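Please model the entire structure based on the sequences and the hints provided.
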Amino acid sequence: MNNDKLKPILEALFAAADRPLSVNQISDLFSGDIDQPSKDDIRKAIDEIGGQYQDSGLELKQVASGFRFQVKPAYESWVSRLWDQKPPHYSRAMLETLALIAYRQPITRGEIEDIRGVSVSTNMIKTLLEREWVKSLGHKDVPGRPTLYGTTRAFLDYFNIKSLNELPALCEIIDLDRYTPELEFVEKSETEIPLPLAE
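Numbered by the working numbering, the letters in the sequence shown go through residues 133 to 331 in order.
Hints in this document: simulated from the structure, not taken from any laboratory.
Predicted model only: the values in this text are computed from it and were never measured.
One or more of the hints may lead you astray.
In silico DSSO-like links for lysine-lysine, alpha-carbon gap of 27 Å or less [as the list claims (entries may be wrong)]:
1. LYS137 <-> LYS176
2. LYS294 <-> LYS171
3. LYS294 <-> LYS139
4. LYS218 <-> LYS294
5. LYS294 <-> LYS258
6. LYS193 <-> LYS139
7. LYS204 <-> LYS176
8. LYS139 <-> LYS204
9. LYS193 <-> LYS137
10. LYS294 <-> LYS267
11. LYS176 <-> LYS139
12. LYS204 <-> LYS294
13. LYS294 <-> LYS176
14. LYS294 <-> LYS193
15. LYS176 <-> LYS193
16. LYS272 <-> LYS258
17. LYS139 <-> LYS171
18. LYS193 <-> LYS204
19. LYS218 <-> LYS258
Listed next, with one range per pair, are the computed distances between beta-carbon atoms [claimed, not checked]:
20. HIS221 <-> ASP160: 31 to 41 Å
21. ASN255 <-> LYS176: 41 to 51 Å
22. LEU214 <-> ILE166: 38 to 48 Å
23. GLY270 <-> LEU227: 16 to 26 Å
24. VAL203 <-> GLY270: 45 to 55 Å
25. GLU245 <-> ALA149: 30 to 40 Å
All residues carry an ideal CB built from backbone N, CA and C; glycine is no exception.
What follows is the structure, given as structure tokens:
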């Protein structure tokens, strides 16, 4: 399949999809076609489509799960006026809990409570699991075998990043005087958990 035919097909797929699409997922959609494009052809077409939208209100963005069309941040304030419903607001406690999971994963609920100094409600963990922002990574090998939590690709997609490496440094987002003793900061490279991009 030539590039001129492939690009509008990909644009239509990205416009219609309700989730990011990986190169593998796109390739599977052409399975059985006589002129099935190669994955390299798909990648090349994606790069060209991205370039075509440089001066547009939309962008083709790569996140952890693949590629998606989205409104450029500069235009979000206008687009948000289309909906009466306000975006969900999350409590400070929930965001702190999510941040600790993102930066300290794998981490147990008890460890989160030790750092925050307050209990973490079952409903809060349940909400994060239901949103598919966090998942169980197994159990810690200590008495009681508490669940270890970590973030998901859905978390990365929601926050518009490809990997945990793109998270801001901890010192940029929290009050160091309050948290430094408990967090025992280490270099980011020592705490990174690789989450491969969708192919």
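Checklist entry - Which of the numbered hints above does this structure break? => result 24
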